[in-house]
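One letter stands for each residue in the lines below.
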Amino acid sequence: MNAQGFSAQLDAATGVATITMAMPGRANKVNADFGAGLQDALATALGFQGLKGIVIASAHADFCVGADLDFVYKQRDAKALEEMVGQMNLLYRKLETYGVPVVAALTGSALGGGYELALACHHRIALDEPRVQLGLPEVSLGVIPGAGGTQRLPRLIGIQASLELIAQGKILRAAQAKKAGLVDALAATPEALREAALAWIAANPKAKQPWDVGGFQWPGGVQPNTDMARQLFMAGAAMLAQKTAGAYKAPEVAVRAVHDGSLVDFETALKVESALFAERVVSDDAKDMIRTFWYHRTAVEKQKGLPQTDDAGIRKIGILGAGMMGAGIAFVSAQRGYEVVLKDVKQASLDAAAEHCKKQVAEKAKHLSPAEKEALLGRIRTTLDVQDLQGCDLVIEAVFENKELKHRVTRETEPLLAADGVWASNTSALPITDLAEASAHKENFIGLHFFSPVEAMPLVEVIVGRATSEKTLARALAYVRSIKKTAIVVNDGYGFYTTRLFSAYIMEAAQLVAQGHDPVLVEWAARKAGMVISPLKVFDEVTLSLAAHGFEMMEHYKGEKLDAPGVRLVRKMVEAGRTGKAAGAGFYDYQTKPRKLWTGLRELAEGTPAETGVAYIERRLMLAQALEAARCLDEGILREKRDAEIGAIMGVGFAPNTGGPLAWIDRRGAAQVVAWADAFATTEGARFAAPKLLRDMAARGETFFEQV
Amino acid sequence: MSEAFIYDAVRTPRGRGKANGSLHAIKPVDLLAGLLRGLAQRNQLDTSAVEDVSIGCVTQTSEQGACIARTAVILAGYDEDVPGVTLNRFCGSGLEAVNGAAAKVAAGYADLTIGGGVESMSRVAMGSDGGALFDPQMAFDYGIVPQGISADLIATIYGFTRDDVDAFALRSQKRAADAIERRAFERGILPVKDVAGVTVLARDELPRPDTTKEGLGSLKASFEAMGTQFGLDALTKQRYPQVENIRHVHTAGNSSGIVDGAAAVLVGSREAGAKAGLKPRARIRAAVSISAEPVIMLTGPVPASQKALAKAGMKASDIDLFEVNEAFAVVPLFFAQQMNVDPDRINVNGGAIALGHPLGATGAMLLGTVLDELEARNLATGLVTLCIGGGMGIATIIERV
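In order, the protein sequences belong to chains E and R. At position 516 of the first sequence the residue is numbered 516 (my numbering), and the sequence of numbers has no breaks. At position 396 of the second sequence the residue is numbered 396 (my numbering), and the sequence of numbers has no breaks.
Since the hints were derived computationally from the structure, they do not count as laboratory data. Heads up, the beta-carbon is just placed ideally off N, CA and C, and yes, glycines get one too. Among the hints, a few may not be true.
Claimed, not checked - With a straight-line cut-off of 25 Å between C-alpha atoms, the simulated BS3-like cross-links for lysine-lysine are:
1) E:K208 with E:K178
2) E:K52 with E:K79
3) E:K243 with E:K537
4) E:K208 with E:K358
5) E:K596 with R:K275
6) E:K593 with R:K220
Unchecked claim - Covered stretches of chain E, as calculated for chain R (at least 3 residues, CB under 8 Å):
7) 171–184
8) 189–203
9) 250–262
10) 632–639
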């Protein structure tokens, strides 16, 4: 084994050399060592007498799951990057053109740079296990593949098929990857995989890459530089822009790499990719996305610095309230083996919830056998009788957002809990400390704020009340981890973090509309900024009546009357029955197809704004949220800065391209953000008041996160 | 600076741009060569006096590649001293070629030149020359969309309904039918003959005089699926965020027809004409090309015409007849609205919706059409303008002498 962990060994009987990647640590990562190690091992292999072929394998669980992000994150030198990938490309070209067949033995996942190495082999065999994943997910970190991925994959599976995978950063399980052509064969066991690799080498002594054979025809029926290809790229680009509103650069650059590279020979195509890769890697948005989606996300998922427990002692879970939320929580819990009792006061709700779970099994648990599916559904018991909650280790209360009601069910149900049972409220806003007033075991009382639809939303906001114990937090976190959700942990206060952030977003939009800004521009400005769903659309989805109810609660908790134009607008609309999508009328009219913004909004507006336009609206929408995030940090609601970013993006669809609200501030500079805030505060009032934390940062020229 | 005069303007009839079109069997170079030969014959031209032949052609690939102007000049039997150049300003190419020829004359760089255009759309498909205009980079960075989407965008923003564009299309068909009936195009058309000298086509064959309002109304919007399903409408959002949804109003019935054809205009100085024994028919008062915003793309005729009028020291009211290319019905409608021009002075003999739009040739054809009509009506001034891909516009003002 060489210093980088690569080795080459010849099997004299077959003449096949195996290059094994065993980089120090637990994974093979593409970086300078990777290049040097592979180059050295390849030279050794190519020096073997009677060499008939090469198998590239990994000694780690995964083949290689991509680039060394520590390296990529810090890199700001485009020239150095182009040189580095240029070297990698030379190495891969040598591998695929030397003249011996090369097989990638994919006994584990091959993603990003790892899959690019597999693409540079002549044949790919993957272990047929669901844990084995393949693909080029680079765009989700704001970058594109840089070691030939955008050039080899289209030449391997066709332009259209590759565009869909690369521009969306799709990851496929081994079986799907075989269907899509990402791997050539599947094997049931590592031994069978090796046998298949040796057999393929023996049968293909003169293997060449398709693109190195004269008269190469692109697969998929579309040849580059033809009318068909041009139409395909035009539609592909447009459909992407329709989805991303131009806020996400990496998918666009990926499409460009495939297109521009398709017009030239393979060697030149690699240079086209290198330049686009370097442009992406050094960009600000790639830095912000890598920081959040790699560093923050890993820390959050590992629950770094948070109390841990080996055994949460949770087996039986009671869920109060069988609405969409309760049903969803029941399903994801049963999916992970918990015994679930779902309790409601209406049989109709229970029936609907049971139906929902059945549908989920059909849609989301296709890989299970009929018996397993039955067992999963069997773990969910619906009941009208509160006594059935006897002995629950965890109760998740998901009843209507009303303090008195929540107090009542707490008093009624808590005594049924197993000794030391945990009580969790799924409230999205009511302070946990207030709800815990009804509890006899306040230390066991916690907030678990799920997002709808529970099956699809990855986040749970965990709220620590004044009396919540570390042990309860540890147990709640263990539960969240066990149902494969990501937890952020926040301190108590009305609206916690995510609800405050979300309210700031949609209420700023309502305020803009109420002030006479064009609602069409409001929707577009948000999408252009990268917000996952435009504010008026999502407002209609959560319903205006929910917001109106929220106003009342807020007035109660904040002790002040809410009477901004946006509040008045929402109240008027609720009075007029325009409560949202479910009602068929809200900010939008849903009778027409496509849905259209309600023309009556202009008549409800109070006056005409002195200044408007996409840039103005975008700034207000984003600033309102960023300030709210900064306030939550300032007030100690947020315990970790990373949670501000992950909670915003994974919980309420904050613009992922920005890296999160704090990164949004960093990128613009605290001083600039404070200046904007001050300007808006004079015209818009206190909601634009910059928190002290931000003023201090501005004065000291600080950022929330270390900048690279 | 001297003046440039138009001595003659000829065109082929326009053949349906399909395999069943009458001109489909004729190579584009033969269309053009035949026309150049005819122009020389009917003016008894000593072709050695022609200093350049400048030809607009949009899809310069395959049989229209390799400088078709030069090839046609050779085939036409022109004097060996006569060069040829082919240029591409999309739909403005034919007029651009004439304007360039006139500019050389006006500048004194040449005395007698020919400008014109050719396009056999049935043989060389529109768009088959590739290009980077619609590639992913342009789509992402500038939101460039195909023209049909742009035309529908104009209709949406400036309030033209499906009824408006269909009514315009119907009028174009009626006017073209009337014009053909009263032989208004006769003077300008040189029939296309085959190698044996047999006439292949002597009249425009695209018009549908039996077109009805109901028939037009029943046609499917051509760019709706492209715009909504394939997301092309959304590309325009970067430039036109205020447009919630584009109203797709253009159909095959209210957009220009696909045809084959060629045109040529003989331009020279007063002295060169006199020397050749020719009588000038009109002088060129102004000739401009401009660019406007490329996503909406087709608004160019308005600023182009305004600029041409300003250069000529004229007002729109000084112009007797306008030819505004009917790439899409909304283009002349928008022109009339913005320029405040009486629609009865625009495209009096119909336009490309009825007659067809042979991309590279149309501009030169329209110049001949307006000149013939000015003579027929004994009027003085005409303005020809076309919208152009990529957001450009072109306009030429002529005045009879």
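Hint by hint, here is what the structure shows:
Under the criterion of a C-alpha separation no larger than 25 Å, the hint pairing K208 (chain E) with K178 (chain E) is consistent with the structure, at around 20 Å. With a CA separation close to 38 Å, the supplied pair K52 (chain E) and K79 (chain E) exceeds the 25 Å bound. A distance of roughly 15 Å separates the Cα atoms of K243 (chain E) and K537 (chain E); the hinted pair therefore holds under the 25 Å criterion. Restraint check for K208 (chain E) and K358 (chain E): not satisfied, since their Cα atoms lie roughly 50 Å apart, outside the 25 Å limit.
Note on K596 (chain E) and K275 (chain R): the hinted pairing is violated, with a Cα-Cα distance of about 68 Å set against a maximum of 25 Å. In summary, the hint linking K593 (chain E) to K220 (chain R) is supported, as the alpha carbons are separated by about 17 Å, within the 25 Å threshold. Here's how the segment 171–184 of chain E fares: 0 of its residues keep a CB closer than 8 Å to some CB of chain R, so the rule of at least three is not met and the hint is violated. For a cut-off of 8 Å, the count of residues in the segment 189–203 of chain E with a CB near a CB of chain R stands at 0, and the three-residue condition is violated.
Coverage of the segment 250–262 of chain E by chain R holds in this model, with 5 residues showing a Cβ closer than 8 Å to a Cβ of that chain against a need of three. Counting residues of the segment 632–639 of chain E whose C-beta sits closer than 8 Å to any C-beta of chain R gives 0, which falls short of three, so the coverage hint is violated.
When the structure is compared with the earlier hints, violations turn up for hints 2, 4, 5, 7, 8 and 10 and for no others.
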